[in-house]
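Chains as they are written, first to last, in the numbering used here: chain Z, 1 to 291; chain L, 1 to 300.
These aren't lab readings, by the way, just hints derived from the structure by calculation. The reader is advised that the hints may include incorrect statements.
Claimed, not checked - Have a look at the derived ranges for each label pair, beta carbon to beta carbon:
1. Z/K18 <-> L/S187: 22 to 28 Å
2. L/F75 <-> Z/P202: 47 to 53 Å
3. L/G87 <-> Z/F153: 39 to 45 Å
4. Z/L274 <-> L/I76: 32 to 38 Å
5. Z/V30 <-> L/I36: 50 to 56 Å
6. L/I88 <-> Z/L274: 21 to 27 Å
7. L/Y192 <-> Z/G117: 44 to 50 Å
8. L/I36 <-> Z/M129: 19 to 25 Å
9. Z/N234 <-> L/K297: 51 to 57 Å
10. Z/V30 <-> L/Y192: 27 to 33 Å
To be verified - In silico DSSO-like pairs for lysine-lysine, Cα to Cα no more than 27 Å straight-line:
11. L/K131 <-> L/K209
12. L/K249 <-> L/K72
13. L/K11 <-> Z/K194
14. L/K295 <-> L/K232
15. Z/K278 <-> Z/K171
16. L/K295 <-> L/K209
17. Z/K61 <-> L/K131
18. Z/K279 <-> Z/K198
19. Z/K171 <-> Z/K198
20. Z/K18 <-> L/K209
21. Z/K198 <-> L/K11
22. L/K131 <-> L/K297
23. L/K232 <-> L/K249
24. Z/K171 <-> L/K11
25. L/K209 <-> L/K72
26. Z/K118 <-> L/K11
27. Z/K171 <-> Z/K118
28. L/K232 <-> L/K297
29. Z/K198 <-> Z/K118
30. L/K209 <-> Z/K12
31. Z/K19 <-> L/K295
32. L/K11 <-> L/K72
33. Z/K194 <-> Z/K171
34. Z/K279 <-> Z/K171
Each residue gets a CB set at the ideal place from its N, CA and C atoms; glycine is no exception.
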Amino acid sequence: MKSNTDYIRLEKNARTRKKAVSAVTCVLLVFWAVVVLFPFYWMVLTSLKSYGAYNSEYIPKFFTLSPTLQNYADAFTAVPLGKYFVNTIIFTVLTTALMMVVITLAAFAFARLEFQGKHTAFLLFLSLMMIPNELVVITNFVTVTNLDMRNTFPGLILPSVTSVFYIYLLKENFEQIPDSLYYAARVDGTGDWKYLWKVMIPMSRPTIITITILKVIECWNSYIWPRLITDDENYFLVSNGIQEIRENGFGRENIPAMMAAVVVVSVPLVVLFLIFRKKIMSGVSRGGTKG
Amino acid sequence: MKKKLRESSLKGWLYLLPAILFLGFFMVYPLIDVFIYSFEEGYNFASQTYFGTGIYNYSYILHDPYFLQAVKNTFILVAVTVPLSTGIALLISVGLNSITALRNFLQTIYFLPYVTNTLAVGLVFMILFKKTAYSDGLINLLINWFGGSSVDFIEGPYWAKMFVLCFYTIWIVMPFKILILTSALSSINQDYYNAARVDGTSQFRIFRKITLPMISPMIFYLVITGFIGAFKAYSDAVALFGTDLNAAKMNTIVGYVYDMLYGDSGGYPSYASAAAVILFAIVLTITCINLLIGKKKVHY
Chain Z
1 MKSNTDYIRL EKNARTRKKA VSAVTCVLLV FWAVVVLFPF YWMVLTSLKS
51 YGAYNSEYIP KFFTLSPTLQ NYADAFTAVP LGKYFVNTII FTVLTTALMM
101 VVITLAAFAF ARLEFQGKHT AFLLFLSLMM IPNELVVITN FVTVTNLDMR
151 NTFPGLILPS VTSVFYIYLL KENFEQIPDS LYYAARVDGT GDWKYLWKVM
201 IPMSRPTIIT ITILKVIECW NSYIWPRLIT DDENYFLVSN GIQEIRENGF
251 GRENIPAMMA AVVVVSVPLV VLFLIFRKKI MSGVSRGGTK G
Chain L
1 MKKKLRESSL KGWLYLLPAI LFLGFFMVYP LIDVFIYSFE EGYNFASQTY
51 FGTGIYNYSY ILHDPYFLQA VKNTFILVAV TVPLSTGIAL LISVGLNSIT
101 ALRNFLQTIY FLPYVTNTLA VGLVFMILFK KTAYSDGLIN LLINWFGGSS
151 VDFIEGPYWA KMFVLCFYTI WIVMPFKILI LTSALSSINQ DYYNAARVDG
201 TSQFRIFRKI TLPMISPMIF YLVITGFIGA FKAYSDAVAL FGTDLNAAKM
251 NTIVGYVYDM LYGDSGGYPS YASAAAVILF AIVLTITCIN LLIGKKKVHY
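Just need the whole structure built from these sequences, with the hints factored in.
Here it is in structure tokens:
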């Protein structure tokens, strides 16, 4: 009889412990969600406060009763945020498009064509994956400067239109397409070029979309190379624009307007993320790094 | 037959040509060049001439207080953020794996920092932590609530600035780690857990003896990429403290490279190259050590 009550007590203990553990887990998870979301909330909130209201709050308020869109108007008129935006879009579209062409051709050659020296070439390509960007940026900076391509789009774009990693990713994907399709196409008289466009690219669409999105994110956030290569405001990208605004835009202390600019810069990527959530997350877990 | 092979060889190389041209011009050539630069003494950017070759560039930067400060900052950043971010990410992923409701929702939230512009959100962090004449800022408000006194995290004492930098870095790198660990956790075969449960194994023991060994390759992968990433920290520091990182005493090795190349103290590609080569050597050494340790500890 005694041992029976022991069981009941044990089970009860186990249950309370389990409850305690799950409560701690929930607190931890919610805490981190707050840490992640709070900066976003704060930037939107601050961007809606008027300049006067913000500066008169010695103790910052967690809400505002008189939201204003004036800061957004300021962000586009007082500094050339619109120009930065257009530049970034041009840069992102051209870089991504060019890169897709270059890597598709290379991946096709590695995955489908037979030629002398293919394996050696592939090994050399793979070994380039280990080279950190910091090591090559210096010479590239000198090269681009000597070619008089500073403050031009080619200077911004050309150094980042190849990625060995994406070639590798796409090649793996191309190789999964059965050989029999290729031979059938050959019999029908379809050439390599047509086969690539009509069969391989459509069949690898998910991977191609994933790579495109990852590259777009990378372009939208790129800061170091554009900073080195542009000092003319007309060629600034959003990252450089934000830095410029921080250092001498808006008469220094207009923080609500700064936050409006930050919101405007952040929104496109967040929207892109919410639309392609699954694709982005699976793509990143396959091949993205940050940090 | 032979002609055909040669023709198809030509075709293969033709498809590779754009990639080879770009990689050769913007990667292979610079890679060789950076080592040459780093040994050319007194290189003049305008006239493209130099006095001689030797190791003066290396000895110069190794005696430059700014470089030593940058190395110190980078090592502190690495030592703090890599273990902390991996540990917290592990806790959160295990927690996330144990719940069913809201899991997708939370996962989406946790991933948000990955898709944000580092410079833009860094500005928000700066405002949260900054103490100005007219407001102590939100974080100081919280500190005051808990009975502490205000600190200027952006222009104040060294430890406070380091704290913000580490905090922001962890915030930025977390999404990637959580994502990798949650997918590793969810791919563990449930049979192991069921077997352990039948044996009455305690939760902690299950975690230590099943979960950890099963995901250890992924943890290991995160540690290696974490080290490499943290050694290359730069944009986060710029976002928080502005472009003049030397003045803020918050420079990183990568920041030092770029400052030497361009900017107010710039125009010295030789010094920049030497610093970049040193950085590469450090990263390579640490990665090799990691791989050696990993061989012993990681279960595949």
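Results of checking the hints against the structure:
1. Z/K18 <-> L/S187: 22 to 28 Å: holds (24 Å)
2. L/F75 <-> Z/P202: 47 to 53 Å: Since the Cβ atoms of L/F75 and Z/P202 sit about 50 Å apart, the hinted range of 47 to 53 Å holds.
3. L/G87 <-> Z/F153: 39 to 45 Å: 43 Å Cβ-Cβ, so the 39 to 45 Å window holds.
4. Z/L274 <-> L/I76: 32 to 38 Å: This hint holds: roughly 36 Å between Cβ atoms.
5. Z/V30 <-> L/I36: 50 to 56 Å: holds (55 Å)
6. L/I88 <-> Z/L274: 21 to 27 Å: Once the Cβ atoms are compared, 25 Å apart, the range 21 to 27 Å for Z/L274 and L/I88 holds.
7. L/Y192 <-> Z/G117: 44 to 50 Å: holds (47 Å)
8. L/I36 <-> Z/M129: 19 to 25 Å: holds (23 Å)
9. Z/N234 <-> L/K297: 51 to 57 Å: With Cβ atoms ~53 Å apart, the hint holds.
10. Z/V30 <-> L/Y192: 27 to 33 Å: holds (29 Å)
11. L/K131 <-> L/K209: violated (47 Å)
12. L/K249 <-> L/K72: Given that 27 Å is the threshold and the Cα spacing comes to 10 Å, the pair holds.
13. L/K11 <-> Z/K194: With a Cα-Cα distance of about 14 Å, the restraint between L/K11 and Z/K194 holds, given a limit of 27 Å.
14. L/K295 <-> L/K232: holds (25 Å)
15. Z/K278 <-> Z/K171: Since the Cα atoms of Z/K278 and Z/K171 sit roughly 22 Å apart, the hinted pair holds (cutoff 27 Å).
16. L/K295 <-> L/K209: With a Cα-Cα distance of about 18 Å, the restraint between L/K295 and L/K209 holds, given a limit of 27 Å.
17. Z/K61 <-> L/K131: Roughly 16 Å separates the two Cα atoms, so the pair holds.
18. Z/K279 <-> Z/K198: Holds: Z/K279 and Z/K198 sit about 23 Å apart, inside 27 Å.
19. Z/K171 <-> Z/K198: holds (17 Å)
20. Z/K18 <-> L/K209: holds (19 Å)
21. Z/K198 <-> L/K11: Within the cut-off at roughly 19 Å; holds.
22. L/K131 <-> L/K297: Cα-Cα ~45 Å, so violated.
23. L/K232 <-> L/K249: holds (17 Å)
24. Z/K171 <-> L/K11: holds (17 Å)
25. L/K209 <-> L/K72: violated (37 Å)
26. Z/K118 <-> L/K11: holds (12 Å)
27. Z/K171 <-> Z/K118: holds (13 Å)
28. L/K232 <-> L/K297: With Cα atoms ~26 Å apart, L/K232 and L/K297 stay inside 27 Å; holds.
29. Z/K198 <-> Z/K118: Distance of about 24 Å is within 27 Å: holds.
30. L/K209 <-> Z/K12: With a Cα-Cα distance of about 25 Å, the restraint between L/K209 and Z/K12 holds, given a limit of 27 Å.
31. Z/K19 <-> L/K295: violated (38 Å)
32. L/K11 <-> L/K72: With a Cα-Cα distance of about 52 Å, the restraint between L/K11 and L/K72 is violated, given a limit of 27 Å.
33. Z/K194 <-> Z/K171: Given pair Z/K194, Z/K171 holds - Cα atoms ~18 Å apart, limit 27 Å.
34. Z/K279 <-> Z/K171: holds (19 Å)
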